[in-house]
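Taken in order, these protein sequences are the chains called A and B. For the first sequence, the working numbering gives the first residue as 1, with consecutive numbering after it. For the second sequence, the working numbering gives the first residue as 1, with consecutive numbering after it.
Source of the hints: derived by calculation from the structure; they are not laboratory data. Please note: incorrect hints may appear among the correct ones.
Given that identical chains are not distinguished, each listed pair holds provided it fits within a single copy or across any two copies.
What the hints assert, rightly or not - For lysine-lysine, the following DSSO-like pairs were computed, each having C-alpha atoms within a straight-line distance of at most 30 Å: (1) K348 <-> K102; (2) K106 <-> K341; (3) K309 <-> K75; (4) K321 <-> K75; (5) K240 <-> K341; (6) K136 <-> K321; (7) K309 <-> K321; (8) K348 <-> K136; (9) K75 <-> K198; (10) K321 <-> K106; (11) K75 <-> K284; (12) K136 <-> K341; (13) K348 <-> K309; (14) K75 <-> K222.
Keep in mind it's a predicted model, so treat the numbers as computed, not measured.
Residue strings, one per chain:
Protein chains: 2
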Amino acid sequence: MLDFQITRTDSGSAARTGQLTTTHGVIDTPVFMPVGTQATVKAMTPGMLAEVGADIILSNTYHLYLRPGADLVEKAGGLHSFMNWPRSILTDSGGFQVFSLKGLRKISDEGVVFHSHIDGSRHFLTPEIVMDIEQKLGADIAMCFDECAPFPCSYEEAAQAVERTTLWATRCRESHHRADQALFGIVQGNVFEDLREKSAAEIVALDFPGYAIGGLSVGEPKQDMYRILDLTNNLLPQDKPRYLMGVGAPEDLLEGVKRGVDMFDCVLPTRIARHGTAFSHCGKVVVRNAGYAEDFTPLDPDCDCQVCKSYSRAYLRHLVKSEEILAHILLSYHNIYFLIKLMQDIRKAIADNTFAQFYNNFYENYRI
Amino acid sequence: MLDFQITRTDSGSAARTGQLTTTHGVIDTPVFMPVGTQATVKAMTPGMLAEVGADIILSNTYHLYLRPGADLVEKAGGLHSFMNWPRSILTDSGGFQVFSLKGLRKISDEGVVFHSHIDGSRHFLTPEIVMDIEQKLGADIAMCFDECAPFPCSYEEAAQAVERTTLWATRCRESHHRADQALFGIVQGNVFEDLREKSAAEIVALDFPGYAIGGLSVGEPKQDMYRILDLTNNLLPQDKPRYLMGVGAPEDLLEGVKRGVDMFDCVLPTRIARHGTAFSHCGKVVVRNAGYAEDFTPLDPDCDCQVCKSYSRAYLRHLVKSEEILAHILLSYHNIYFLIKLMQDIRKAIADNTFAQFYNNFYENYRI
């Protein structure tokens with residue numbers, strides 16, 4: 001099941017708020033989904049995720065398929081039960097990961113042969129097999145198996161990926177049967193506008209309950225991403241959720257929302273946390289910097305998360321320099337909170353019809 | 001300040017329960033103190049520590065002196081404030097760590113010259129300097145700077161360590177002035193009974209509010225440890241807390257309590273957690289074992305901690321094999337809970353006058 005209701009629309013942009021209802025709960029959109037690649041959001045307990053207000057997380061089919069395997073997760077009662085996460089989950093299709101395995105994979109219309117990054121073992125994924133895996137994992141939202149062309153790539157490569165993505169989306173739709181799980185289509189086309197138009201038309205014709213914009217944030221200039229988002233906004237049905245895959249920088253969330261995006265996911269908050277970097281309302285804070293050695297102020301004075309309420313930059317720097325696990329925990333907690341709170345603030349601004357003002361204020365303070 | 005009241009004594013052994021009151025709270029004894037070496041108990045937030053029932057933790061003077069430095073911790077308002085831990089803290093003296101730096105140190109009656117394990121820099125610690133550091137750190141309980149002879153060592157080496165420990169204890173006592181911090185003496189003497197008697201007599205004559213038994217659990221056979229504990233029980237005043245340093249295996253906690261010990265600390269629960277091993281009522285569980293791959297039962301069916309209530313062995317094994325930080329978090333949580341709960345159960349058994357029965361039951365289930 002999946003229900004999506006738009007609650008407010010911004011008068012000056014494509015931004016809108018909505019409510020997405022899945023088998024496991026109601027999600028206010030626009031929403032940021034933390035990534036739990038291997039059935040865990042790195043350095044976070046499910047309790048912490050609930051505390052920072054995560055309503056939905058993403059998990060990676062490619063990783064779970066390889067380890068511990070979809071059959072084991074199914075035996076555990078599905079991903080929610082396996083990882084002790086009672087709220088909503090979305091699984092990607094593994095396409096992006098498989099196509100990122102340079103030199104390790106071989107693609108045909110039938111599917112993809114690739115070698116595991118863990119032990120080199122040989123695997124074959126088809127749209128039908130991926131649907132079987134995602135249905136066993138049992139997330140609330142599953143994604144179609146798609147071909148994501150790299151950036152840069154030729155027009156011909158991008159065109160072939162679009163064709164194959166449509167072919168596979170048709171087969172995914174046919175082999176997906178789980179009533180408690182929604183299947184989203186994915187639009188490809190790289191930075192080529194006519195390919196985006198073709199892909200969107202073909203995928204939308206298959207009538208999915210939601211649509212993802214794939215193949216962005218893969219290395220292209222930001223202006224290309226924004227241009228394609230502007231275009232895609234007009235190609236996707238207004239009444240269905242739109243999901244921009246792999247995007248999580250604060251400014252990109254804001255730019256995405258402005259262009260009509262409802263859902264985002266990214267490893268960025270937890271990845272930069274493990275490298276000792278934190279988001280703040282003024283831009284990124286590199287906690288290791290010597291300048292913070294005796295700085296007893298919070299990470300971000302404008303943040304009201306438990307980390308900012310309880311710990312100083314000096315202590316966090318000590319943890320980072322001492323390579324303590326608690327550094328990963330606390331910075332991941334703050335960074336995920338930061339993005340979730342940003343989305344809350346964005347939703348409030350849209351509801352209050354002050355989104356344009358919010359947008360301008362954001363850039364006044366934030367150094368990219 | 002420090003107050004210690006014995007509340008119950010076991011009729012069949014030296015075991016007793018008590019209440020230890022520090023500047024930061026009341027601690028039921030016998031107590032296990034988790035170790036927060038670098039001002040953090042590895043992979044645990046202060047909130048988790050409170051949740052598992054930790055009333056007091058230990059932190060290491062040697063590590064904090066080197067990084068971030070005692071002056072910085074003092075500027076932060078002391079260790080409690082720096083690390084956001086409102087309950088009691090004990091700091092060791094750094095003696096054990098410095099004497100473990102084989103080849104990197106030079107000892108005289110004046111003090112110890114050593115080289116930092118972090119950057120090789122040269123440092124000089126004396127009893128006076130250590131007292132200055134511990135008072136700046138501001139724990140509720142500080143330990144005297146002592147010389148811990150290695151095991152095995154000659155009688156002459158052990159005798160010299162005892163002499164120096166008494167000399168340094170006298171100087172520590174003279175240079176310790178913080179009224180809100182209690183200073184404990186440490187008894188040395190290795191496995192030599194007459195040296196233990198001499199050390200205990202000299203240290204007790206200095207009249208400390210509590211006494212530690214040092215130089216055990218350093219590699220000697222368990223029978224030697226138990227023999228020395230039996231002896232020391234009769235050498236230390238009954239009305240003062242006794243602290244067995246560096247001991248944390250479940251069976252050693254039980255054997256220590258039986259011999260009149262009130263306080264314990266050890267890195268064991270968090271260290272074995274990071275290697276994927278968990279305590280259970282049946283003995284250690286090596287979570288990585290293939291036999292647990294599809295085991296959807298809790299880590300320890302007899303444990304009621306949040307980890308055992310919420311996660312399966314199969315999931316924990318997946319986390320361990322995937323080298324996820326959450327494995328460290330959840331296993332550390334469970335292992336610390338396990339030891340704290342064991343001490344709760346021991347206290348209850350002493351109070352109910354069923355300690356002998358508890359002791360026998362423990363060994364019926366537990367494989368060492």
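Now for the hints, and whether the structure bears them out:
1. K348 <-> K102: neither (42 Å within a copy, 61 Å between copies)
2. K106 <-> K341: neither (42 Å within a copy, 55 Å between copies)
3. K309 <-> K75: So K309 and K75 pass the 30 Å test across copies only (18 Å; inside, 41 Å).
4. K321 <-> K75: This pair counts as between: shortest inter-copy Cα distance 19 Å, intra-copy 42 Å.
5. K240 <-> K341: within (24 Å within a copy, 52 Å between copies)
6. K136 <-> K321: between (42 Å within a copy, 21 Å between copies)
7. K309 <-> K321: within (21 Å within a copy, 34 Å between copies)
8. K348 <-> K136: neither (37 Å within a copy, 47 Å between copies)
9. K75 <-> K198: neither (40 Å within a copy, 63 Å between copies)
10. K321 <-> K106: between (43 Å within a copy, 28 Å between copies)
11. K75 <-> K284: Classified as between: cross-chain Cα gap 26 Å, same-chain 42 Å, threshold 30 Å.
12. K136 <-> K341: neither (32 Å within a copy, 38 Å between copies)
13. K348 <-> K309: Intra 23 Å, inter 37 Å, cutoff 30 Å: intra-copy only.
14. K75 <-> K222: neither (43 Å within a copy, 44 Å between copies)
The structure is inconsistent with the numbered hints 1, 2, 8, 9, 12 and 14, although it conforms to all the rest.
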